[in-house]
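Residue numbers (our numbering), protein chains in the order written: chain A, 116 to 466; chain B, 316 to 848; chain C, 807 to 1134.
One thing to keep in mind: the hints can contain errors.
What the hints assert, rightly or not - Here are the simulated lysine-lysine pairs, DSSO-like style, with alpha carbons at most 27 Å apart:
1. C:Lys919 / A:Lys171
2. B:Lys544 / B:Lys532
3. A:Lys330 / A:Lys353
4. A:Lys353 / B:Lys678
5. B:Lys678 / A:Lys342
6. A:Lys330 / B:Lys381
7. B:Lys532 / B:Lys569
8. A:Lys342 / A:Lys353
9. B:Lys532 / A:Lys330
10. B:Lys711 / A:Lys342
11. B:Lys569 / B:Lys544
12. B:Lys569 / B:Lys381
Stated by the list, open to error - Pulled a few chain A residues facing chain C out of the computed Cβ check, cut under 7 Å:
13. Leu270
14. Ser305
15. Ile309
16. Leu312
To be verified - Just some of the chain C residues that point at chain B, by a computed CB distance under 7 Å:
17. Arg824
18. Arg931
19. Glu994
20. Ala995
21. Ala998
22. Gly1000
23. Arg1075
24. Val1086
Read the hints as simulated data drawn from the structure, not as lab findings. Fair warning: this is a prediction, and the values are worked out from it, not measured in the lab. Ideal Cβ placement from N, Cα and C applies to all residues, glycine included.
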Amino acid sequence: MKTLPLPSGLLRTLAGQALAFVIALALGAVIILMIDESPVAVFMTLMRGAFGDAEKIAGTLLQTTPILICGIAACIGLRGGMFNVGIEGQLFLGGFAAAWVGFAFSLPPVLHVLVAMLLAVVAGAAWVAIPAFFRVRFGTNEVVSTILANYIATLLTSYFTIFLFKRPGGWSETPPILESAYLPELFSFSRLNIGLLIGIALAIATALFFRWTAKGYAVTMVGSAPKFAEYGGINVRKVGFGVLLVSGAVGGLAGGVETLGVHHRFMEGFAPGFGFDGVIAALLANGSPIGTIFTALFFGALRAGSLLLEVDTTASREIITVIQALIILAVSADLLMRRRGDRTGERRWKF
Amino acid sequence: MDLAVDLQGITKRFGAFTANSGIDLAVRRGEIHAIIGENGAGKTTLMNILFGLLQPDEGRIALNGKAMVIDSPAVAIAEGLGMVHQHFKLVPSLTVADNIFLGMEIRRNGLIDRAAQIERTRVLSQKFGLRVDPSERVAGLSVGIEQRIEILKVLARDARTIILDEPTAVLTPQESRDLFATLRSFVDDGMTVIFISHHLEEVMEVSDTVTVLRDGKVVATRPKTSLSKRELVRLMVGRDVSFDRRPRGPVDGKAALEIADLWARDDRRLPMLKSASLTVRSGEILGIAGVAGNGQTELAEVLSGLRPPSHGSVRLHGQEVLGLAPAQIRARGLAHVPGDRMVRGVDRNASLSANMLMGRQDKAPFSHRGILSWATAHAEMRALIKRFDIRARGPKDPARSLSGGNIQKVVLAREFTAGGDVLLIDQPTRGVDIGAQEAIHDEIMRQRDQGRAILLISTQLDELAALADRILVMFDGRIMGEVDGEAMDEEAIGLMMAGVDPATPVDPSTGIDPIGAAAAPAFPRPPASEEVR
Amino acid sequence: MEVLGSLFNVALLVATIRTTTPILLVALGGSFTTKAGIFNIGLEGQMLIAAFFAVIGSIYTGSSVGGLVIGVAAALVFALVYAVLVVSFRANEVVVGLALNILAGGMTISLMKAIFGTRGSIVGRGIVGLPKVQVPGARDLLGFNAAQLISGYTPLVYVAFLAVPAMLLIYGRTRLGLYIRVVGEKPEAAEALGISIARVRYTASLLCGLMAGLAGAHMSLGYITMFTENMSAGRGFMAVAILIFSAGDPLKVLAGCLLFGFADALSLRLQTFGFPSYLVLAVPYAVALVALFALSWRARPKTIRETLETMRRALSVSPERESSSTRS
């Protein structure tokens, strides 16, 4: 989260990340051995599942899309010193809101998408608004409040889906959205849609915002040195609230993209874990939106590969969450950074 | 010779920086040995080595004639060494007795025996004449009492050699005098005291022997009687330096900053600023003296909008600004050099340019329609590096790569060029080396001569004596009185710093008491002539 | 009235005590880390991994005690990893905690698939649940209804509730408890006195793992003997919420846990009355969230009181009456 990293520091950070990666993969191999599979076979299957052919690559990108958008949401929060772990919940509400606009209203094609997206964004922002308010006004820990809100969001959308808007004859899903609300697909052979481009554009825009705008500067300063920012005349509470709101809005957008682009309806457990994957991707990229493009791609590939893994081997696809968690743990240890001095000092959302 | 502490050739390096270099120190049993030097001369490093908190790279240590390796404080304590740290290490939620016996609890059946600890504390307290209430919680006790507890903590561990690191930094002159009497009584009992300070007066007052450190080396060790103040200064800084009063013209500007009956609370929600009133004119430096923690920080924070006021009025050029946000107050012409520069003044991890940008990120020429121009920012920072003689490689250096004095110059450079004509400067030279101090003082005088109104808060009287046109003294949140800078009466200031009312008491009828602070009057009031209710 | 009568009865109280137990155990565990100055958001994962390994242990050893021991051991391993990363490597505690939670979720599912070849849950297969303790003479002395309240629980229920006074004693009167408090409140004081901050934090972390392990074992071997994917279902996070507003104080932790246990029991109850299960299931989380918000807001009454006081004084006290007001 440095504004201007020194080249030598950057190099050392990269070397540290790489070392952490290797350690995590080694630990992952041990766990794969524990469940009686060959690490090499699992790795090859993952690779084949992720990049085997054009369709598989499209599948990887399809999985990457929500992780990327959720990752951007997390990046925005992290840059402003806010840890939004509630992206999962914002994603669900955004997804449901978009679906509702999609099936309950009939609108001309482009407008329909825009309205659905807008409502998804509003839903995501609204869902984080209360935790955000208490965070900036009373200092209520946003990590815990947004996590708890996730559980409620999941149950609430399930309730909407099953009790209020169930598709007649269907199984815990809403009616399908109208075709006018579909996001355009990129290829004929995959459901991969312009959501990916939205995600990449968002990442670039976010990076440019933080680097080149006065508001982006203010957000970065609030995140890295809040007392300094307050002293310098930045309204720390307003920025913090805004950061969480925008982060929630982007989380809602991810849900909208997933609904309008992939599933074309909302269903119970429609995008499990994308929100958390996004948070992890953002952490792994150390809060850099551009870096998140690559970490999201990595996690997307793992997810896509894991689908084949479940078919071709006896391993469960959750083995990839194990690998993800191990990578995060290894990277968090920050093995090459010598820690000195402030042994009892304040720690930031550093990684 | 009977030596309590004998250090030979102690060298300690931190990376490329040598904090201690070949230091020899011999402390005789039964003396008060002062170690004096500027900030950064290596005093604290040396004491941390002696106490086992740091390991020397080279050198030998002998305690009470025995050569030893002190690899933890436990070893030092076992050998009768005790350390009273500059920053007290007491646990607020525990009682006085619990704090004293922390780490050496008296236990019975595996449980802590509170009654025995309280009794032992009482005995110790009586024996050494350090009055404390053993069963009181530490939270809320005054610093003077906290220091007593710290000393008792050391005595409870049977220390025979006591190290005090800057013990008077937080004390009033009178409290300091009490402390010196206590130290003297220790020595009379055959104990040894090592006293670390950078205050000349104190050292001259209390010590038997003085060791002067400069740049990590011992410059001299002499009996106090053979030293004069002037000599001591020369030894400390390596040349003749005096904060001689800066020449100046008369003050003839209009009132730029007017504060009337200002009240505010501190972080514990206790009244810490009580009915402060003052006026600073353009082209004037108004000094605020006082022991740290007597409301100066609160005053600065309320003025800059960082702390909500309880009551009162603050006018900048006749415009009321109290209660406005920091950005609005800045826009009306206040620039603020914060006392806590590492927390408030800079983002240590950001580049110098990014630090310089704070407060002007949305103003031309640094930004146009919300888009930043880093090229302009770097160019400006490069110019400031030159103008303020900041030792940095370039504008993209992170602030943390600079020394304390240079970081302070970055803050000054930013604030002095921010366009404000009222400067609020809090502790401009704290932790800054002498050379940089002079440069900073020059710059402050230049700002005065350009007609800016300057409110200068400092705990260092010599700094105020050199710079201020008038000096106000704060104690317990109140302004005790005013002294003319031209004919500064140190004795009068010292008394006021200690809370002694100057000849003319503040008129008790000025203002109401909006937050009930007067329930604990700082000075005695005549008994009320009649009960109203 | 009839509905209320059948809703609020002894059975609900008994259910409250049962549902309170796991969250109380894990929250008391978290009290150790909270007091030692570590924000431990990894409770959820420690609980989950313990629940899984308790089931495994119970199947392989054929005894509930074996299951308990193995479950606790698994939680201790997680607690150790947490401590190594947070205390020794000084990694960000929230990041590490979240990663360990994710690891626990993924690992339990992967291992379940690898060992049992199934997804979802493990039921039967020789899982031995914890025995119920009948307090001798309880029924004779108190009658059937009242006896239910104190008798017939698994041993861990008693452990959980007795742990509250035990922990009060630990914090108040033992050296370990004192050191944990000091390390959390003023680490530099501990350091200056030669108390190892790292060692105290490791100890607190492992004690936390122990309690979280018991909580997990209670979940899978207590009243239901099965393991389900993500069966801790946010209880670890609720415990963290409780820890935030209780600051780890055992009595306040107990009060908070009883509140959540009650919400949990009530939501189970309400389901049988035909309320939409999804909404009812959300009740405990909502209670946790509302409590978190309400108590952080309540932490400010002093400010509000002071403001009111200031206003009152400003309005009522005139200069000539000042001397009397200062004396009162």
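Results for each hint:
no.: 1; hint: C:Lys919 / A:Lys171; in the structure: holds, 25 Å
no.: 2; hint: B:Lys544 / B:Lys532; in the structure: holds, 20 Å
no.: 3; hint: A:Lys330 / A:Lys353; in the structure: holds, 12 Å
no.: 4; hint: A:Lys353 / B:Lys678; in the structure: holds, 20 Å
no.: 5; hint: B:Lys678 / A:Lys342; in the structure: holds, 21 Å
no.: 6; hint: A:Lys330 / B:Lys381; in the structure: violated, 64 Å
no.: 7; hint: B:Lys532 / B:Lys569; in the structure: violated, 50 Å
no.: 8; hint: A:Lys342 / A:Lys353; in the structure: holds, 14 Å
no.: 9; hint: B:Lys532 / A:Lys330; in the structure: violated, 49 Å
no.: 10; hint: B:Lys711 / A:Lys342; in the structure: holds, 22 Å
no.: 11; hint: B:Lys569 / B:Lys544; in the structure: violated, 40 Å
no.: 12; hint: B:Lys569 / B:Lys381; in the structure: violated, 68 Å
no.: 13; hint: Leu270; in the structure: holds, 4 Å
no.: 14; hint: Ser305; in the structure: violated, 27 Å
no.: 15; hint: Ile309; in the structure: violated, 30 Å
no.: 16; hint: Leu312; in the structure: violated, 29 Å
no.: 17; hint: Arg824; in the structure: violated, 33 Å
no.: 18; hint: Arg931; in the structure: violated, 44 Å
no.: 19; hint: Glu994; in the structure: holds, 5 Å
no.: 20; hint: Ala995; in the structure: holds, 4 Å
no.: 21; hint: Ala998; in the structure: holds, 4 Å
no.: 22; hint: Gly1000; in the structure: holds, 4 Å
no.: 23; hint: Arg1075; in the structure: violated, 41 Å
no.: 24; hint: Val1086; in the structure: violated, 41 Å
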